[in-house]
Amino acid sequence: MIKEFSEGSTIIVDKPLNWTSFDVVNKIRWNLKQKLGVKKIKVGHAGTLDPLATGVLVLCIGKHTKLIEEIQAGQKTYTGKILLGKTTPSYDLETEFDQEFSVDHITTELLEQARLSFLGEQQQVPPIFSAKQVDGKRAYDLARAGKEIELKANTIHIYDLSFDASNLPEIEFEVSCSKGTYIRSIANDLGKKLNSGGTLIELRRTKSGDQNIDESKSVEEWIDFIHNSPL
30 MIKEFSEGST IIVDKPLNWT SFDVVNKIRW NLKQKLGVKK IKVGHAGTLD PLATGVLVLC
90 IGKHTKLIEE IQAGQKTYTG KILLGKTTPS YDLETEFDQE FSVDHITTEL LEQARLSFLG
150 EQQQVPPIFS AKQVDGKRAY DLARAGKEIE LKANTIHIYD LSFDASNLPE IEFEVSCSKG
210 TYIRSIANDL GKKLNSGGTL IELRRTKSGD QNIDESKSVE EWIDFIHNSP L
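Sequential numbering of the sequence shown, starting at 30, is according to our numbering.
Among these hints, one or two may not hold up.
25 Å max Cα-Cα, derived PhoX-like pairs, lysine-lysine [claimed, not checked]:
#, residue 1, residue 2
1, K115, K221
2, K92, K64
3, K176, K115
4, K161, K208
5, K95, K69
6, K56, K92
7, K92, K68
8, K221, K181
9, K110, K221
10, K95, K181
11, K222, K208
12, K246, K236
13, K236, K69
14, K110, K92
15, K246, K32
16, K115, K95
17, K95, K208
18, K64, K32
19, K62, K246
20, K95, K68
21, K32, K110
22, K222, K181
23, K71, K95
24, K236, K71
25, K222, K110
26, K176, K161
27, K62, K95
28, K246, K69
29, K32, K95
30, K32, K62
31, K32, K69
32, K236, K95
33, K208, K221
34, K62, K92
These aren't lab readings, by the way, just hints derived from the structure by calculation.
Sequences are here, hints too, so could you generate the full structure?
Here it is as structure tokens:
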């Protein structure tokens, strides 16, 4: 019953493109409140996805909001595409291309060297267009205002990384990594390692901890579930 569901549950939403993670939280919370006839209900997400990313967004409802930190700490898996030879300030398609580089020198051997260099524990600098806090403000707000900012590197771990370069200058990838890893930074760093440029052009989270995309429902499917379930 939906009342028991809302008291404490964890659901997996397949986040749609161009939605923020908070858009999804607000939509589910609003529909739960409408169904239950209440003014407040706790709903939170366990790990932000950028608006241009899709896939696994774990929502914790009611008492399960206490599990958010535990779920966030889990290993993540992503698939997507990187465009070589071009860069943007945000490392993805949120901003316009600002530089172009040659890709003629990129070989499968060079790509393999770059791939191997990413594996294991390392220091990664987040994109300036990120939600990192700088002097109490979000880095992306400062970046959009044209302010120069410098972010500290974080320790991350990349457990596995594979490339499909059959459609160069686009590369398809799958990566399993620790919490706090920015895939946009991997795209940008890959471009540098190849003496070229790299931009993340597609991203989908397929796994977060034990939560898998195969177990997810779309926002619309969850709304239907909420309104068609008995109280």
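Each hint tested on the structure:
no., hint, result
1, K115 - K221, "holds (11 Å)"
2, K92 - K64, "holds (18 Å)"
3, K176 - K115, "holds (23 Å)"
4, K161 - K208, "holds (14 Å)"
5, K95 - K69, "holds (17 Å)"
6, K56 - K92, "holds (19 Å)"
7, K92 - K68, "holds (17 Å)"
8, K221 - K181, "holds (19 Å)"
9, K110 - K221, "holds (16 Å)"
10, K95 - K181, "violated (29 Å)"
11, K222 - K208, "holds (23 Å)"
12, K246 - K236, "holds (14 Å)"
13, K236 - K69, "violated (30 Å)"
14, K110 - K92, "violated (37 Å)"
15, K246 - K32, "holds (19 Å)"
16, K115 - K95, "violated (42 Å)"
17, K95 - K208, "holds (18 Å)"
18, K64 - K32, "holds (9 Å)"
19, K62 - K246, "holds (19 Å)"
20, K95 - K68, "holds (20 Å)"
21, K32 - K110, "violated (41 Å)"
22, K222 - K181, "holds (20 Å)"
23, K71 - K95, "holds (10 Å)"
24, K236 - K71, "holds (24 Å)"
25, K222 - K110, "holds (17 Å)"
26, K176 - K161, "holds (14 Å)"
27, K62 - K95, "holds (20 Å)"
28, K246 - K69, "holds (24 Å)"
29, K32 - K95, "holds (18 Å)"
30, K32 - K62, "holds (11 Å)"
31, K32 - K69, "holds (13 Å)"
32, K236 - K95, "holds (20 Å)"
33, K208 - K221, "holds (23 Å)"
34, K62 - K92, "holds (16 Å)"
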